[in-house]
Amino acid sequence: MHHYPFHIGDYIAHTHHLSLLENLAYRLLLDQYYLTEKPLPDAPIISRLIGMREQVAEVDAVLQEFFVQTDHGWVNKRAEKEIEFYHARLEAASRGGKASAESRAKSKLIERPLNGGLSGLEVDLSFASSNHNQNQNQNQEPINLKPADWLPPNWKTYIEHRKESLKPLTATAQTAAIEKLSRWRAEGKDIAAIITQSVENGWSGLFEVKQRVGQGKPSVAPPKPSCCVCKGVLKGFVETQSGKMCGTCWDKR
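Residue numbering for the sequence shown follows my numbering, beginning at 0 and increasing consecutively.
Honestly, the hints are just simulated from the structure, not real lab data.
Each hint should be verified, as a subset may be incorrect.
Unchecked claim - 25 Å max Cα-Cα, derived SDA-like pairs, lysine to any residue: (1) Lys188 - Glu207; (2) Lys76 - Leu19; (3) Lys155 - Ser181; (4) Lys209 - Cys229.
Unchecked claim - Derived Cβ-Cβ restraints for the label pairs, each shown as a range: (5) Pro40 - Ser18: 17 to 27 Å; (6) Ala98 - His13: 39 to 49 Å; (7) Leu34 - Ala98: 26 to 36 Å; (8) Glu199 - Glu178: 16 to 26 Å; (9) Glu178 - Ser102: 34 to 44 Å; (10) Gln31 - Lys155: 54 to 64 Å.
By construction, the Cβ of each residue, glycine as well, lies at the ideal position given by its N, Cα and C atoms.
The task is simple: from the sequences and hints, build the whole structure.
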């Protein structure tokens, strides 16, 4: 043991008659006893071990009063009970820890392919029970994901990004995201770039890639009108057959 309970009131009540050296010897003997959890040797030997080789008489007096001599050495009944109680708590905590670990292992979220296609969806094994079968038709939304072999490799990166953002994809959200990507893919859009855009910008949703991206969500900056002659940005202009012309160019005609 590297720590033990010390009841000050009990200690003072039983040791008020001890001298300072005897008191010191008792405390050091208790420290040695709890540290090794073994009976103590006779006074000449234990005195050297606790750094009181010149106080053998005081150490022996404490052994005689507060310890019991056995074939294996000097033992302290109070310390033996504390040591026994300490190990009983350790054993109980160990059993509880193993039971908790087994329980967590049974309900651990795992990754596995669904419907022969998309993998990466978290499935809670604790629902694989009769209660789940009863509640599925009432409260649980059935998982019914379509195969998505066409998804780019960074789709898994997007799933991990959602987990790290503490916004993991539910079955419904994942289905909606795949359908959206499928629609964009049919339109000829680069869905890998769309996914990369969301991951790099820390977005939860998926958005079409724009020419310019603002802070927080995609946006497109409208082009600024320019002079048809000098190409400068127009603040005021005159409509001509060639297009809009700034005042400076108009004056130089």
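Here's how the hints hold up against the structure:
1. Restraint check for Lys188 and Glu207: satisfied, since their Cα atoms lie roughly 8 Å apart, inside the 25 Å limit.
2. Annotation: proposed proximity of Lys76 to Leu19 holds, straight-line Cα distance about 23 Å (limit 25 Å).
3. For the suggested pair Lys155 and Ser181, the alpha carbons sit about 16 Å apart, so the restraint of at most 25 Å is met.
4. This hinted pair does not check out: Lys209 and Cys229 have alpha carbons roughly 28 Å apart, beyond 25 Å.
5. The given range of 17 to 27 Å is respected by Pro40 and Ser18, whose C-beta atoms sit roughly 23 Å from each other.
6. Range check, Ala98 to His13: about 41 Å between beta-carbon atoms, so the 39 to 49 Å window is met.
7. Taken as a hint, the range 26 to 36 Å holds for the pair Leu34 and Ala98, whose Cβ atoms sit roughly 31 Å apart.
8. Checked against the hint of 16 to 26 Å, the C-beta distance between Glu199 and Glu178 comes to roughly 23 Å, which is consistent with it.
9. For Glu178 and Ser102, the hinted distance range of 34 to 44 Å is satisfied, since their beta carbons lie about 37 Å from each other.
10. Evaluation of the 54 to 64 Å hint for Gln31 and Lys155 yields a pass: the beta carbon distance comes to about 58 Å.
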